[in-house]
Amino acid sequence: MLSRKVKSRIYFLIIFFILVSLIIFLTLKSLEENVVYFFSPSEIYNKADISFDKKIRVGGLVKIDSIKKNNTSINFIITDLKKEIVVSYSGLVPNLFSEGKGVVAEGKLKDKKYFIAEKILAKHDENYMPPEVTKALENSNN
Amino acid sequence: MFKKLFPNKILSLTNKTINSLVLFLVIVLIVGLIYSLLLSPPDYIQGDSVRIMYVHVPSSFIALGCFGLIGLASIINLIFKIKFMPMIGKSLAPLGCVFSLISIVTGAFWGKPTWGTWWVWDARLTSMLILFFFYIAYIATWFFIKNFEKANKTSSIVGIVGVFNLPVIKYSVDWWNTLHQPSSITLTSAPTIHYSMLTPLIIMFVGMTIYSLIIFLMKYKTEIIKLKINKKKDFK
Chain A
48 MLSRKVKSRI
58 YFLIIFFILV
68 SLIIFLTLKS
78 LEENVVYFFS
88 PSEIYNKADI
98 SFDKKIRVGG
108 LVKIDSIKKN
118 NTSINFIITD
128 LKKEIVVSYS
138 GLVPNLFSEG
148 KGVVAEGKLK
158 DKKYFIAEKI
168 LAKHDENYMP
178 PEVTKALENS
188 NN
Chain B
257 MFKKLFPNKI
267 LSLTNKTINS
277 LVLFLVIVLI
287 VGLIYSLLLS
297 PPDYIQGDSV
307 RIMYVHVPSS
317 FIALGCFGLI
327 GLASIINLIF
337 KIKFMPMIGK
347 SLAPLGCVFS
357 LISIVTGAFW
367 GKPTWGTWWV
377 WDARLTSMLI
387 LFFFYIAYIA
397 TWFFIKNFEK
407 ANKTSSIVGI
417 VGVFNLPVIK
427 YSVDWWNTLH
437 QPSSITLTSA
447 PTIHYSMLTP
457 LIIMFVGMTI
467 YSLIIFLMKY
477 KTEIIKLKIN
487 KKKDFK
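Sequence lines, in order, name chains A and B. If you want my numbering, it's the 1-based position in the first sequence plus 47. If you want my numbering, it's the 1-based position in the second sequence plus 256.
There may be inaccurate statements among the hints.
[Claimed, not checked] Chain B regions said to be covered by chain A (calculated; three or more residues, Cβ under 8 Å):
id	region
1	311 to 325
2	331 to 339
3	366 to 374
4	437 to 447
By construction, these hints were calculated from the structure, which means they are not laboratory data. We treat Cβ as the ideally placed atom computed from N, Cα and C, and that holds for glycine.
I would like the entire structure built from these sequences, with the hints used as guidance.
In structure tokens form, the structure reads like this:
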């Protein structure tokens, strides 16, 4: 039914699609280290070739009851519920930074368990709720 | 439905149809805006900045959807050489371009109070910026290449290559660690948005889709008329 011209164009496009998908897949795969915005504490723990003088980002949840503030700096623990990293930071934290919530810290590793941050970003999760619902949820949990 | 887009059919699109669509749009937008700006509750941690979502999410959806359609029109255009296919792409491009820009700008306004930064180079934000550039490239091929056949071919290739970016945008939040949160509305599980926020979001989405449809139909009709005029000129 389809003419030969049309058929050859379809074959061409199919091959084109497969090749471009492959190119994009391979490019993204090899650039994965740069595409990820942050590493989790477990990923840092498992990473063999980690650099201590390059800026990296660590992300996870702020461990509950781990925030310790003094005059100039703030210390807290980032956890992914498997591994933990202690973060030290001096400066202002975003409003949404709080215990039990997501956070991304940018800075340098001192060692695999200790991180000196230069910038703190709060990470929001995919849950959207009115305040009353949160209260109701907390009450039902207690 | 699709047959209505045929060149001869689109010319019978009267102002009456457009006007009734506009009336519908005004009603939906008024309801949607009142619901999202006044009636819906603030978020438990974001506070009132959650209201930016009611514009941000529909804009992003429409920006992605428009490019998906451009890609589809480009593929059909390259295979079957149907004359009105590029006109569909040409009419959708400015629309999607504006909505991708709105998505990026509202996202920045939301990011500042929530994350503490306007912009980060994470996978979702970067791929969305790339989509915006693809729109610019698509529009630019039509703008700068004067020969119709050449412009048609080049823009179709831009349209097809840009389609590969769409799944990257969609799944970037699942494939890699990003600062941007994952989708709240998925096909497989219950939405993680409370219904009091989901309802205004859906109303706003419907409203902005109708707006896009109106703009598209008007632009498409103009493009078809232009095409017919140019054809007549060629014969003389």
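Taking the hints in turn, this is what the structure says about them:
| no. | hint | verdict |
| --- | --- | --- |
| 1 | 311 to 325 | violated (count 0) |
| 2 | 331 to 339 | holds (count 4) |
| 3 | 366 to 374 | holds (count 5) |
| 4 | 437 to 447 | holds (count 4) |
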